[in-house]
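Please put together the full structure from these sequences, using the hints given.
If you read the protein sequences in the order shown, they are chains A and B.
With this note's numbering, letter number 60 in the first sequence gets 60, and the count goes up by one each step, no holes.
With this note's numbering, letter number 455 in the second sequence gets 455, and the count goes up by one each step, no holes.
No wet-lab data here; the hints were simulated from the structure.
Among the clues, some could well be false.
To be verified - Beta-carbon label-pair distances, calculated as ranges:
hint, chain 1, residue 1, chain 2, residue 2, range
1, B, Asn91, A, Ala13, 42 to 50 Å
2, B, Glu243, A, Asn46, 24 to 32 Å
3, B, Lys387, A, Gly140, 38 to 46 Å
4, B, His380, A, Thr127, 41 to 49 Å
What the hints assert, rightly or not - Straight-line alpha carbon distances no greater than 35 Å define the calculated DSBU-like cross-link-like pairs of lysine-lysine that follow:
hint, chain 1, residue 1, chain 2, residue 2
5, B, Lys446, A, Lys133
6, B, Lys237, B, Lys141
7, A, Lys133, A, Lys49
8, A, Lys108, A, Lys49
9, A, Lys49, B, Lys446
10, B, Lys387, B, Lys446
11, A, Lys108, B, Lys446
12, B, Lys237, B, Lys446
Yeah, the Cβ is synthetic: ideal placement off N, Cα and C, and Gly gets one too.
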Amino acid sequence: MDTDGDFTAYVAARGQTLVRSAVLLGWSLPEAEDHVQTALMRCYSNWDKVTAAADIDAYVYRVLLNALSTSRRRKWWGERPTAELPETSVADAADQVAVGAAVRAALKRLPEQQRTVLVLRYFADLTDRQTAKALGIPVGTVKSRLSRALTELSNDDHLADLPGNRSTP
Amino acid sequence: MNETQIRELLETAGQDIAAEPIDADSLLAASRRSARTRRLVQVLSVSTAVAVIVALGLALIPRGSDPQKPSTEPVTEERLAPPGMRLVGMNGVAVAVPEDWGTNQTRCDVAVENTVVFDKGTHRWCRLAPFPDVSSVHLVKASSLSGDYWRAQVDHFEAVNGMRVGIAPVRPNSCSTGIELPCTGAPAGAVVITAEDLVIWAESPDEPLAREVLASVRLIPAGYTTVPDVVGMAEAKARETLEQAGLTVADDVVCRQSDGGPWVELCSDVTGSDVPQGGVVPAGSEVELLFSSGQLAPGARLLSHRRLEIFVYGSSSCPELADSVDSAANNLVTVHVSQHGGPICTSDLRPNRSVVTLPANIDTGQPISLTLVRAYAASHPYNAVLKPPAPFTPPSPEATRWLPCTRDDLVVFLNRSAPATGTSLRMAARSWVDSRDGQRYVLTDKSANEAYAVILESDGTPRVIFKLRRWPNGGWAVEAFGECRR
Numbered sequence: 001m002d003t004d005g006d007f008t009a010y011v012a013a014r015g016q017t018l019v020r021s022a023v024l025l026g027w028s029l030p031e032a033e034d035h036v037q038t039a040l041m042r043c044y045s046n047w048d049k050v051t052a053a054a055d056i057d058a059y060v061y062r063v064l065l066n067a068l069s070t071s072r073r074r075k076w077w078g079e080r081p082t083a084e085l086p087e088t089s090v091a092d093a094a095d096q097v098a099v100g101a102a103v104r105a106a107l108k109r110l111p112e113q114q115r116t117v118l119v120l121r122y123f124a125d126l127t128d129r130q131t132a133k134a135l136g137i138p139v140g141t142v143k144s145r146l147s148r149a150l151t152e153l154s155n156d157d158h159l160a161d162l163p164g165n166r167s168t169p
Numbered sequence: 001m002n003e004t005q006i007r008e009l010l011e012t013a014g015q016d017i018a019a020e021p022i023d024a025d026s027l028l029a030a031s032r033r034s035a036r037t038r039r040l041v042q043v044l045s046v047s048t049a050v051a052v053i054v055a056l057g058l059a060l061i062p063r064g065s066d067p068q069k070p071s072t073e074p075v076t077e078e079r080l081a082p083p084g085m086r087l088v089g090m091n092g093v094a095v096a097v098p099e100d101w102g103t104n105q106t107r108c109d110v111a112v113e114n115t116v117v118f119d120k121g122t123h124r125w126c127r128l129a130p131f132p133d134v135s136s137v138h139l140v141k142a143s144s145l146s147g148d149y150w151r152a153q154v155d156h157f158e159a160v161n162g163m164r165v166g167i168a169p170v171r172p173n174s175c176s177t178g179i180e181l182p183c184t185g186a187p188a189g190a191v192v193i194t195a196e197d198l199v200i201w202a203e204s205p206d207e208p209l210a211r212e213v214l215a216s217v218r219l220i221p222a223g224y225t226t227v228p229d230v231v232g233m234a235e236a237k238a239r240e241t242l243e244q245a246g247l248t249v250a251d252d253v254v255c256r257q258s259d260g261g262p263w264v265e266l267c268s269d270v271t272g273s274d275v276p277q278g279g280v281v282p283a284g285s286e287v288e289l290l291f292s293s294g295q296l297a298p299g300a301r302l303l304s305h306r307r308l309e310i311f312v313y314g315s316s317s318c319p320e321l322a323d324s325v326d327s328a329a330n331n332l333v334t335v336h337v338s339q340h341g342g343p344i345c346t347s348d349l350r351p352n353r354s355v356v357t358l359p360a361n362i363d364t365g366q367p368i369s370l371t372l373v374r375a376y377a378a379s380h381p382y383n384a385v386l387k388p389p390a391p392f393t394p395p396s397p398e399a400t401r402w403l404p405c406t407r408d409d410l411v412v413f414l415n416r417s418a419p420a421t422g423t424s425l426r427m428a429a430r431s432w433v434d435s436r437d438g439q440r441y442v443l444t445d446k447s448a449n450e451a452y453a454v455i456l457e458s459d460g461t462p463r464v465i466f467k468l469r470r471w472p473n474g475g476w477a478v479e480a481f482g483e484c485r486r
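This is the structure:
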């Protein structure tokens, strides 16, 4: 087994998605990058276990969620340095930017448990079973949280107002 | 809202996040280091736990119990050294020393702390009074002065761990050997391995410890190697030396800038490796080179009109200034600097700036290999490759406000030692910003190992730009800063 090769290939393939998932879970980009790197480094030290788990994504996301939750417990994130300069963060009203900002805002309004399940299931593309493994909860709980999250989002006025009326049921 | 719609929305939101691909190679290198540290901590924890359990067990054994009763302690994997000890070696032979001993903790060849000492030659004009409470183990060539002395003290030869070893028993040091050996009166003895041109002598006020160390002499096991001495070498030579010893050298070089900015820090000498000289490690292990603090390394940058700016740190009252510029084929430039002024000089380590004109045969449109030779250390020149400046790109209107604060403004390099492990980017930035009146700051760019941030005035005008770097131990520290131009 080529641990280094496997690890590098995994980072190259999934690194950006992990960072974006962490941002969608409510972290700033620099924080997300830090936590993803921390999680990946932890995974590397147990890479044999990661690969033996047969569900690499579920394992890595579990480590990442642990890192995020540890970090949230340990630190007060009263200060949030931004990755972009203030000017650039005031975006034009381009459709994509508006959709992105609205979706992130809608995700923030969801309870954390629902948000996590939603991001893992529909953004990180984990299966119900993988999501359950990553969160350490039963598959049934994943499904019920997903259902509630989708209902919440359907009732979110901000999403309903998006260009193209994407959220119309 | 259905699954397809939420997938689409999340995908769009995800694409909107400017996450850059993670540098897998850098992360792999950092992960290796982290894993190595983790394993070491685990081994130490297990050793400590076993020691505590054994000690507790011994304390709880009833006095009348049978001392011949076999131990119930499980046999674990083969250890290279007894618990609490580590192997250090040279010429294929090693001894076990206490783990907390340093390496070459000497002044004028005299051990000032408990330490392993490798033969560096004798400073005849520099002697200190010996430190009677200090223990030390010296690994020297049999042909050296102290080797000669100990070979004469050999009492008998015997086979130790498969080697023929000359034994100079541990005895009180008679102090009759002149200035070439420490004369503390502490018990000292030696083992002589003539076949390997090696003498190992130990001295300690704790006589059993000196005996224990010498009795542990053994050949370095197959598949292991020792870390050679790289202190004071230039980077290329140090890499070559480590690789010849069967080690892999980590690619991270702390003193090298990689941000493409015009300032190039000239890489200073190697101050060692993360595993000290003599450490016994598995062949192929990764070793990291450590360099002297970046601030004291000189810097250089190309200016317009074929001018080259050099700065070196030194005395402000006796500045080191450029005396001459030589050139050679392949765009090689050598700048010689020497100290001016005196005879009394302050030792304030200020940057002294010189601007020289490049010789006509140097092509400033191509990378220039620069060598800086300081008169007082001509045998240790600094080297760097200066890249031609990037072509000027007119700023977009949105960027105009930020244009006055660029990486070119990073002109003050901070002299600091490694940050504490675990110092996060935010902790390092916040702490530094707090030391400058606690202004608001924003991160403007970040990669795996580098970040830039700007301190803002209350109206959002950039005031100071600073650069942070992630050190090999994972901690972040501010490396340089500069006032934004108005």
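Against the structure, the hints:
Against the hinted window of 42 to 50 Å, the Cβ-Cβ separation of Asn91(B) and Ala13(A) comes to about 47 Å, which satisfies the hint. Under the hint 24 to 32 Å, the C-beta atoms of Glu243(B) and Asn46(A), about 29 Å apart, fit the expected range. Distance hint check for Lys387(B) and Gly140(A): the Cβ-Cβ separation is about 59 Å, which falls outside the suggested range of 38 to 46 Å. Judged by the Cβ atoms, the range 41 to 49 Å given for His380(B) and Thr127(A) is violated: they are separated by roughly 60 Å.
For a cut-off of 35 Å, the pair hint linking Lys446(B) to Lys133(A) stands: about 32 Å separates their Cα positions. Pair hint Lys237(B) plus Lys141(B) holds up; C-alpha atoms about 23 Å apart against a cutoff of 35 Å. Between the alpha carbons of Lys133(A) and Lys49(A) the distance comes to roughly 15 Å, so the proposed pair stays at or under 35 Å and holds. Using a Cα cut-off of 35 Å, the hinted pair Lys108(A) and Lys49(A) holds, with the two alpha carbons roughly 33 Å apart.
Between the alpha carbons of Lys49(A) and Lys446(B) the distance comes to roughly 31 Å, so the proposed pair stays at or under 35 Å and holds. For the proposed pair Lys387(B) and Lys446(B), the alpha carbon gap of about 22 Å is at most 35 Å, so the pair holds. At most 35 Å may separate the alpha-carbon atoms for a hinted pair to count; Lys108(A) and Lys446(B) meet this at roughly 24 Å. The hinted pair formed by Lys237(B) and Lys446(B) meets the criterion: a straight-line CA distance of about 32 Å does not exceed 35 Å.
Checked against the numbered hints given earlier, this structure breaks hints 3 and 4; the rest are met.
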